[in-house]
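Protein chains in written order, with full-length UniProt numbering: chain H, 1 to 322; chain A, 1 to 328.
No lab work stands behind these hints: they were computed from the structure.
Every value quoted in this text rests on a predicted model; they were computed, and no experiment measured them.
Just to be clear, a hint being listed does not mean it is correct.
Quick list of the computed label-pair ranges, beta carbon to beta carbon [claimed, not checked]:
hint, chain 1, residue 1, chain 2, residue 2, range
1, H, S279, A, E282, 13 to 23 Å
2, H, G148, A, H174, 53 to 63 Å
3, A, R246, H, V79, 43 to 53 Å
All C-beta atoms in this analysis are idealised placements derived from N, C-alpha and C, irrespective of residue type, glycine included.
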Amino acid sequence: MIRRISLRASGFAKNSFLKSSRFHGESLDSSVSPVLIPGVHVFHCQDAVGIVAKLSDCIAAKGGNILGYDVFVPENNNVFYSRSEFIFDPVKWPRNQVDEDFQTIAQTYDALNSVVRVPSIDPKYKIALLLSKQDHCLVEMLHKWQDGKLPVDITCVISNHERASNTHIMRFLERHGIPYHYVSTTKDNKREDEILELVKDTDFLVLARYMQILAGNFLKGYGKDVINIHHGLLPSFKGGNPAKQAFDAGVKLIGATSHFVTEELDSGPIIEQMVESVSHRDNLRSFVQKSEDLEKKCLTKAIKSYCELRVLPYGTNKTVVF
Amino acid sequence: MIRRVSATSCLSATAFRSFTKWSFKSSQFHGESLDSSVSPILIPGVHVFHCPDVVGIVAKLSDCIAAKGGNILGYDVFVPENKNVFYSRSEFIFDPVKWPRSQMDEDFQSIAQQFSALSSVVRVPSLDPKHKIALLLSKQDHCLVEMLHRWQDGKLPVDITCVISNHERAPNTHIMRFLQRHGISYHYLPTTDQNKIEAEILELVKDTDFLVLARYMQLLSANFLKDYGKDVINIHHGLLPSFKGRNPVKQAFDAGVKLIGATSHFVTEELDSGPIIEQMVERVSHRDNLRSFVQKSEDLEKKCLMKAIKSYCELRVLPYGIQKTVVF
Chain H
1 MIRRISLRAS
11 GFAKNSFLKS
21 SRFHGESLDS
31 SVSPVLIPGV
41 HVFHCQDAVG
51 IVAKLSDCIA
61 AKGGNILGYD
71 VFVPENNNVF
81 YSRSEFIFDP
91 VKWPRNQVDE
101 DFQTIAQTYD
111 ALNSVVRVPS
121 IDPKYKIALL
131 LSKQDHCLVE
141 MLHKWQDGKL
151 PVDITCVISN
161 HERASNTHIM
171 RFLERHGIPY
181 HYVSTTKDNK
191 REDEILELVK
201 DTDFLVLARY
211 MQILAGNFLK
221 GYGKDVINIH
231 HGLLPSFKGG
241 NPAKQAFDAG
251 VKLIGATSHF
261 VTEELDSGPI
271 IEQMVESVSH
281 RDNLRSFVQK
291 SEDLEKKCLT
301 KAIKSYCELR
311 VLPYGTNKTV
321 VF
Chain A
1 MIRRVSATSC
11 LSATAFRSFT
21 KWSFKSSQFH
31 GESLDSSVSP
41 ILIPGVHVFH
51 CPDVVGIVAK
61 LSDCIAAKGG
71 NILGYDVFVP
81 ENKNVFYSRS
91 EFIFDPVKWP
101 RSQMDEDFQS
111 IAQQFSALSS
121 VVRVPSLDPK
131 HKIALLLSKQ
141 DHCLVEMLHR
151 WQDGKLPVDI
161 TCVISNHERA
171 PNTHIMRFLQ
181 RHGISYHYLP
191 TTDQNKIEAE
201 ILELVKDTDF
211 LVLARYMQLL
221 SANFLKDYGK
231 DVINIHHGLL
241 PSFKGRNPVK
251 QAFDAGVKLI
261 GATSHFVTEE
271 LDSGPIIEQM
281 VERVSHRDNL
291 RSFVQKSEDL
301 EKKCLMKAIK
311 SYCELRVLPY
321 GIQKTVVF
């Protein structure tokens with residue numbers, strides 16, 4: 001881990017650098033070779049003078065060392081966003097104390113949002129994945145999850161398409177003990193109550209090419225974030241079959257967009273977008289292939305950003321993505 | 001000049017040898033021969049062809065070129081799936097003494113007739129007159145300035161016949177002084193809601209080969225397009241079909257997109273809906289304000305429009321289906 005030297009490094013360096021890294025074998029007393037673990041804190045409040053000073057002092061006072069700090073205050077907008085990455089000694093600064101300390105500052109500034117996350121201690125995000133027939137996004141996410149590149153707990157997979165038990169996905173899920181729920185929908189019955197029951201204990205949902213619209217009631221009932229991947233460069237080509245829409249429109253660039261789901265179809269705050277060039281030499285098949293590659297990358301990036309507390313709401317329909 | 005040896009340059013051995021004998025001589029023993037017939041100057045030509053697909057088109061076209069001693073340096077063929085249509089674009093060098101310009105037109109024309117071509121265009125840049133264009137703009141002039149500078153640098157191979165605008169410009173501004181220095185007329189034609197003065201515009205541009213709308217914010221009616229009859233290229237400062245119409249940059253800013261773009265396209269009756277020629281994007285984030293959105297957009301517009309015009313002048317752009325383009 002690369003450590004940028006902070007102002008208070010001298011106290012740190014003496015204890016941790018010299019002793020713990022050089023003379024590792026010599027001291028068995030953990031109080032002189034603390035294990036430092038990473039933490040992330042995001043803060044969103046009305047803008048005022050002194051916020052950064054307060055937040056950084058809070059971290060430093062408990063011996064935490066800030067390794068990265070992003071602050072964003074938009075023009076003409078009396079709002080403040082920050083995201084800090086720091087390392088700290090959980091012995092010196094216990095986990096619940098971290099919560100309390102930041103909470104105090106949050107109250108001081110009437111924060112709209114103050115979230116701290118310590119990846120090595122806190123439970124992983126619990127997510128459910130929903131999909132319809134196209135499963136390239138799901139497969140990508142399952143493989144990344146298996147490789148440890150998607151730091152979540154997949155509680156279940158829900159689909160309105162049935163899958164035979166001897167398919168790659170079903171065998172994968174079975175091997176890893178992840179339940180697959182076939183919830184068939186009709187025009188009149190989207191069975192959202194059942195879905196809600198299945199996902200109510202998750203932290204957020206991922207629609208990985210789930211082609212059913214989730215009603216306002218469902219979103220309200222669920223109450224947490226839902227991330228969708230749309231295989232088009234929003235706001236172009238909303239709705240069904242955007243790759244074909246793009247192909248017919250003769251565009252020279254196609255893209256994918258990951259965004260938060262709102263009542264309105266394909267219109268929620270955008271998290272990430274990616275493009276690729278297309279030309280007359282592309283047929284519908286290659287449009288679709290390029291689109292699928294983009295969807296996988298775009299969705300994975302969005303989920304990773306979200307889990308790392310990089311994504312914050314901005315205005316009515318936008319996001320800050322640190 | 002790097003010469004790719006094409007498949008058809010396996011001309012008869014004698015023909016090939018005679019080429020190298022002469023041109024090799026001209027490069028090595030330049031001072032020794034004053035007879036131009038033994039050191040031919042080879043000039044480039046471009047031919048595009050668009051017709052219903054059949055067997056044998058490439059053979060016929062390449063043979064036509066080879067028979068007159070032309071050497072194909074580049075060849076693009078495109079036949080879309082499930083579509084009985086053929087596109088090709090060839091770049092070749094030839095000796096205009098062996099293959100006179102008018103003969104070239106005739107030779108390609110007879111092949112065009114043979115294959116009932118929808119389009120057969122040949123262009124010899126060093127002999128043919130440059131494309132004559134008129135530039136139209138409204139208030140924003142970054143695109144015009146870019147084009148004028150490129151034109152001055154010789155990077156935009158056109159003849160600018162005039163500039164037309166519905167905004168007035170004072171004579172001591174950069175654009176006006178530039179145009180005056182180069183003898184390009186500027187026509188201030190103010191439009192109102194009722195009168196788009198299209199008849200006046202038509203009169204000014206009727207002798208041009210195509211028009212460029214470089215941030216001209218007035219809609220050209222179907223009548224104008226029909227009467228003008230030739231291609232009109234527009235730059236739209238948005239990634240079509242997103243953000244059609246006015247102020248696409250602000251639309252994009254409000255929509256919270258993470259990528260903004262520009263699109264150059266052919267103008268049709270319907271606003272911002274004609275066949276797309278070129279698109280370019282750039283990343284934006286929460287750190288961008290409207291000002292930087294606009295700045296990034298302007299940079300994209302300039303590049304995108306320039307690329308489209310260059311492609312068009314080099315005969316790279318062909319109509320494809322109802323609403324698309326082939327861009328070689």
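| query | Which of the listed hints are broken here? | reply | Going through the list in order, the structure violates hint 3 alone and respects the others.
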